[in-house]
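J.: Here is what each chain is made of, one letter per residue.
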Amino acid sequence: MTAPLADTTVRAPARTPAEKLSRLLGHAPVHVALGVVGLIWLLPTVGLLVTSFRPRSDIQNSGWWTIFGGNVDLTLENYELVLGADLAAQTMLQAFLNTIQITIPSTILPLLLASMAAFAFAWIKFPFRDTLFLAVIALLLVPIQMVLLPLGEIYRDLGLIGSFLPIWITHTTFALPFGIFLLRNFFITLPKDLIEAARIDGATNVGIFRQIVLPLSVPALASYAIFQFLWVWNDLLIALVFAPRPGGQPMTTQIGSLLGTYGAEWHILAAASFLVMVVPLAVFFSLQRFFVQGLLAGSVK
Amino acid sequence: MTAATAGAERVERRGPGMFGGWSIAASLFVVPAIFLLVVFMLYPVVSTIILSFEPGIDNYVRLLTADPKFLDLGTFPPRGALFNNLLWVVFYVSGTIVIGLLVAVMATRVRYEAHIKAIVFIPQAIAAVALGVIWRFVYAPEENTGLLNAVLGVANVGPVSWLGSQTWVNTALIIAGIWGSVGFVTVILSAALKGISTEILEAARVDGATEGQVFRRIIVPMLSLPISVVAVTLVINVIKLFDLIYTMTQGGPANSSRVIAFSMYQEALPARNFDYGAAIAVIMLIILIPVMIFNVRRFTAERVTQ
Numbered sequence: 003m004t005a006p007l008a009d010t011t012v013r014a015p016a017r018t019p020a021e022k023l024s025r026l027l028g029h030a031p032v033h034v035a036l037g038v039v040g041l042i043w044l045l046p047t048v049g050l051l052v053t054s055f056r057p058r059s060d061i062q063n064s065g066w067w068t069i070f071g072g073n074v075d076l077t078l079e080n081y082e083l084v085l086g087a088d089l090a091a092q093t094m095l096q097a098f099l100n101t102i103q104i105t106i107p108s109t110i111l112p113l114l115l116a117s118m119a120a121f122a123f124a125w126i127k128f129p130f131r132d133t134l135f136l137a138v139i140a141l142l143l144v145p146i147q148m149v150l151l152p153l154g155e156i157y158r159d160l161g162l163i164g165s166f167l168p169i170w171i172t173h174t175t176f177a178l179p180f181g182i183f184l185l186r187n188f189f190i191t192l193p194k195d196l197i198e199a200a201r202i203d204g205a206t207n208v209g210i211f212r213q214i215v216l217p218l219s220v221p222a223l224a225s226y227a228i229f230q231f232l233w234v235w236n237d238l239l240i241a242l243v244f245a246p247r248p249g250g251q252p253m254t255t256q257i258g259s260l261l262g263t264y265g266a267e268w269h270i271l272a273a274a275s276f277l278v279m280v281v282p283l284a285v286f287f288s289l290q291r292f293f294v295q296g297l298l299a300g301s302v303k
Numbered sequence: 045m046t047a048a049t050a051g052a053e054r055v056e057r058r059g060p061g062m063f064g065g066w067s068i069a070a071s072l073f074v075v076p077a078i079f080l081l082v083v084f085m086l087y088p089v090v091s092t093i094i095l096s097f098e099p100g101i102d103n104y105v106r107l108l109t110a111d112p113k114f115l116d117l118g119t120f121p122p123r124g125a126l127f128n129n130l131l132w133v134v135f136y137v138s139g140t141i142v143i144g145l146l147v148a149v150m151a152t153r154v155r156y157e158a159h160i161k162a163i164v165f166i167p168q169a170i171a172a173v174a175l176g177v178i179w180r181f182v183y184a185p186e187e188n189t190g191l192l193n194a195v196l197g198v199a200n201v202g203p204v205s206w207l208g209s210q211t212w213v214n215t216a217l218i219i220a221g222i223w224g225s226v227g228f229v230t231v232i233l234s235a236a237l238k239g240i241s242t243e244i245l246e247a248a249r250v251d252g253a254t255e256g257q258v259f260r261r262i263i264v265p266m267l268s269l270p271i272s273v274v275a276v277t278l279v280i281n282v283i284k285l286f287d288l289i290y291t292m293t294q295g296g297p298a299n300s301s302r303v304i305a306f307s308m309y310q311e312a313l314p315a316r317n318f319d320y321g322a323a324i325a326v327i328m329l330i331i332l333i334p335v336m337i338f339n340v341r342r343f344t345a346e347r348v349t350q
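Those protein sequences? They're chains A and B, same order as listed. For the first sequence, my numbering begins at 3 and goes up steadily by one. For the second sequence, my numbering begins at 45 and goes up steadily by one.
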């Protein structure tokens, strides 16, 4: 019964040029539609990228698309300007370094704390475990706006204003519910026999966590780490409220300031925007698989 | 495997030792995370709720009846941040899902599927701030700068100051938002599409169904679950929407593009109306509570069926 149907799913390769042509024409509307989609999704970004390499006077006199008509005069001076000049209280180079200083601890800390907690939720028995886990799931959606004002007071009382600690703590805390949820659901699929056998052999929980659970969970840990890294790298709101001024602003808030002062100076805005985009794009193209997995898993956040 | 493991665990939980208190190991692993969540999330949430009621319920009354920047029912169509969020929910969510699904379905029929999916997915990787700059540039009011006005100029339309016009600003922002999110929908639905048996699709085609019928009668109904998951995620995006508005319009012109999350920031921080901003945050939380309950229920339901 299924055999004839199955046969139809295997399309015979087109043999003659006429057959190839008719297949191509049959698919023509799809190719045209996808071509339009491709252009709409590429052109806005390409336009800004091209602009970041054009001299200011060219940008003011002609559209970026004129470079395809031979108006090709490219320069690095926009990047030199934004990286080197104090355009909004600090240079973009400083902002780049600040973004790195903010992002690395805000990725490593939640990775460590969430994987520890997730291990306990998956493999250690303790009172109220399931209730606590449901509470963690409920916390997944708490908007950051719900904590900004009291957190400001807490950080002031603790004397942390002026350092990166408020940003690190806020990012770490808000990354925990998703991390615990994601990693616990992964850890629980690890073979129970393996973990029980290790326990019988006298392995401690710390030993099981470090030598069995973590090594077997590299894909899930990588997905979460990449997701969190990009989340923090691209964050605007937490930095806007807690990044130390002056001199401690990451690239996102720096661009926010540039927009206020140089809202129509496209040579500055284009170059600054590509500086914030370059690392995420590199991560995306080199680690696409983990990235997409993190996204699929993260669709609950 | 999962089912067996979870089952075995539930049985063991009833065993001795369960109520023997926290072991040192459990404390070591869980306490750092729980500590952070209690001190830097739960406690501030409670403080914000209390802060919002500092002047009784005045903040809420004012937000819903006397603040045209937040909700203005005195005009038609209504205006204000809350109504703009509703526009976003209707047009951004449906637009993103329709385009994302169409791209996913069309992409399965061509050899460059992976490439087209990667292209629409790129905006997912970049900062909303950069996305905002990209689209401010597309919408630039000068014909020799902004791509959109240049294209329309060929047809002798415009130029239009898209982000400077109260008529166009929300449409322009929502289009930029859709552009940023289609890739997410395409990737999720594309994964779900692979789960539909090609036999069913081919059987329908053999029976004479057109591609339109296959799409409407088979693909859409069979994807209803992943589509609803994606829709919930996009609605959450709308409630939390901030970066794009902050970068592209600062809520303007004349506050016509404000949304709830932007109003909260604007009132609480630059304007320093702390309790008023806190009340807006509480409204955000209230809107999200049904989704939280849905998440918890979905999780407990999954455990029961395991």
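Quick caveat, the hints were computed from the structure, so don't treat them as lab data. A portion of the hints provided could be inaccurate.
Said to hold, decoys possible - For each label pair, taking beta carbons as the anchor points, the in silico distance ranges come out as:
(1) A:LEU99 / B:PHE259: 46 to 52 Å
(2) B:PRO334 / A:GLY37: 48 to 54 Å
(3) A:SER64 / B:VAL83: 35 to 41 Å
(4) A:LEU196 / B:ALA235: 25 to 31 Å
(5) B:ASP102 / A:LEU99: 41 to 47 Å
(6) A:HIS33 / B:VAL201: 46 to 52 Å
(7) B:GLU157 / A:GLY72: 31 to 37 Å
In this text, all values refer to a predicted model and were calculated from it rather than measured experimentally. Think of the CB as a built atom: it goes at the ideal place given N, C-alpha and C, for glycine as much as any other residue.
J.: Determine for every hint whether it applies to the structure shown.
T.: Structure-based check of each hint:
1. Checking the proposed 46 to 52 Å range against LEU99 (chain A) and PHE259 (chain B) shows it holds: the Cβ atoms sit about 50 Å from each other.
2. Taken as a hint, the range 48 to 54 Å is violated for the pair PRO334 (chain B) and GLY37 (chain A), whose Cβ atoms sit roughly 41 Å apart.
3. The beta-carbon spacing between SER64 (chain A) and VAL83 (chain B), approximately 56 Å, falls outside the hinted interval of 35 to 41 Å.
4. Restraint check, LEU196 (chain A) to ALA235 (chain B): a C-beta distance of roughly 29 Å satisfies the suggested window 25 to 31 Å.
5. Roughly 45 Å separates the CB atoms of ASP102 (chain B) and LEU99 (chain A), a value that falls within the hinted 41 to 47 Å.
6. In this structure, HIS33 (chain A) and VAL201 (chain B) break the distance hint of 46 to 52 Å, their C-beta atoms being roughly 28 Å apart.
7. Range check, GLU157 (chain B) to GLY72 (chain A): Cβ separation about 35 Å, and the 31 to 37 Å hint holds.
Hints 2, 3 and 6 from the earlier list are contradicted by this structure; the remaining hints agree with it.
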